[in-house]
Amino acid sequence: DAGVIQSPRHEVTEMGQEVTLRCKPISGHDYLFWYRQTMMRGLELLIYFNNNVPIDDSGMPEDRFSAKMPNASFSTLKIQPSEPRDSAVYFCASSFGGNGQPQHFGDGTRLSIL
Amino acid sequence: AQKVTQAQTEISVVEKEDVTLDCVYETRDTTYYLFWYKQPPSGELVFLIRRNSFDEQNEISGRYSWNFQKSTSSFNFTITASQVVDSAVYFCALSEAGNNNDMRFGAGTRLTVKP
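Protein sequences appear in the order of chains A and B. For the first sequence, the working numbering assigns the number 29 to the initial residue and increments by one for each residue that follows. For the second sequence, the working numbering assigns the number 8 to the initial residue and increments by one for each residue that follows.
Rather than coming from a laboratory, the hints here were simulated on the basis of the structure. Only a predicted model underlies this, so the values are computations on that prediction, with no experimental measurement involved. Note that CB positions come from ideal geometry on N, CA and C, so glycine has one too. Where hints are given, some of them may not hold.
What the hints assert, rightly or not - FRET-style restraints, in silico, Cβ to Cβ:
(1) B:23 x A:98: 48 to 54 Å
(2) B:35 x A:82: 22 to 28 Å
(3) A:104 x B:119: 35 to 41 Å
(4) A:140 x B:53: 32 to 38 Å
(5) A:138 x B:24: 31 to 37 Å
(6) A:81 x B:77: 45 to 51 Å
(7) B:10 x A:90: 38 to 44 Å
(8) B:65 x A:111: 30 to 36 Å
(9) A:79 x B:23: 45 to 51 Å
(10) A:106 x B:64: 43 to 49 Å
(11) B:27 x A:138: 19 to 25 Å
(12) B:25 x A:44: 49 to 55 Å
(13) B:50 x A:101: 22 to 28 Å
(14) A:106 x B:70: 30 to 36 Å
Unchecked claim - Interface residues of chain A toward chain B, partial, derived using beta-carbon atoms under 8 Å:
(15) 36
(16) 40
(17) 44
(18) 93
(19) 127
(20) 132
(21) 135
Claimed, not checked - No more than 25 Å apart at the CA atoms, straight line, and that leaves these computed lysine to any residue pairs for SDA-like:
(22) B:10 x A:117
(23) B:10 x A:69
(24) A:106 x A:69
(25) B:45 x A:132
(26) B:10 x A:106
(27) B:77 x B:47
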């Protein structure tokens, strides 16, 4: 079975540019999560969706960040405009069922903002 | 608020040694879930195990074993006869039943197994 698929794997862009990260969750999973991993702050939950509906976006750092889930098999995380401090690894994860269910992670997108 | 502490930042062992990774958690909920994830050098996060707060049975899976003790709020992970392929960062995480899906991760322990 296919796992969580993220694209691109690496992204290097200049500050001020728009960045779009993509995620395809595991088929049948009804929860989707976006995380950010940095050396300073570790793994942080940014936002999660249940049945394509955003439930909690309290972890989204600023208005420059937005996330959408137009259907059950696709989600995007957008940063506009990007800044060097946004450089991090961004993970998407999905789970079947909510609390207590293991989240399965994609390989991550390593984002570098110059 | 829930909290996970992995006091060991880095551990280095020689192949075939046993190693225990510590995880201490804080929660006010009586129903909660504990997890371990592995992040190898390639960067992906791999789910290893989940435990709920009502199940204190220890678990063994091959060379891996987990010791859950509510009395000390700990969920430690032991690798027996470590191998070079075990080298990775290991994360412990906690999710409270009453806190939706806010899974809090510890800072991680970087394990290096030398040949």
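Hints versus structure:
1. B:23 x A:98: 48 to 54 Å: For residue 23 (chain B) and residue 98 (chain A) the Cβ distance comes to about 51 Å; the hint holds.
2. B:35 x A:82: 22 to 28 Å: holds (26 Å)
3. A:104 x B:119: 35 to 41 Å: holds (36 Å)
4. A:140 x B:53: 32 to 38 Å: With Cβ atoms ~24 Å apart, the hint is violated.
5. A:138 x B:24: 31 to 37 Å: holds (32 Å)
6. A:81 x B:77: 45 to 51 Å: At 35 Å between Cβs, range violated.
7. B:10 x A:90: 38 to 44 Å: violated (25 Å)
8. B:65 x A:111: 30 to 36 Å: At 46 Å between Cβs, range violated.
9. A:79 x B:23: 45 to 51 Å: At roughly 48 Å between Cβ atoms, residue 23 (chain B) and residue 79 (chain A) fall inside 45 to 51 Å, so the hint holds.
10. A:106 x B:64: 43 to 49 Å: holds (44 Å)
11. B:27 x A:138: 19 to 25 Å: Violated, at about 31 Å.
12. B:25 x A:44: 49 to 55 Å: holds (51 Å)
13. B:50 x A:101: 22 to 28 Å: Once the Cβ atoms are compared, 23 Å apart, the range 22 to 28 Å for residue 101 (chain A) and residue 50 (chain B) holds.
14. A:106 x B:70: 30 to 36 Å: violated (42 Å)
15. 36: violated (14 Å)
16. 40: violated (16 Å)
17. 44: Hint violated; residue 44 (chain A) Cβ to chain B Cβ min 27 Å, cut 8 Å.
18. 93: violated (18 Å)
19. 127: holds (5 Å)
20. 132: holds (6 Å)
21. 135: For residue 135 (chain A), the interface hint holds, since the closest Cβ of chain B sits about 5 Å away, which is under 8 Å.
22. B:10 x A:117: With a Cα-Cα distance of about 22 Å, the restraint between residue 10 (chain B) and residue 117 (chain A) holds, given a limit of 25 Å.
23. B:10 x A:69: With Cα atoms ~14 Å apart, residue 10 (chain B) and residue 69 (chain A) stay inside 25 Å; holds.
24. A:106 x A:69: holds (20 Å)
25. B:45 x A:132: holds (12 Å)
26. B:10 x A:106: This hinted pair is violated, its Cα atoms lying about 29 Å apart.
27. B:77 x B:47: Violated, at roughly 29 Å.
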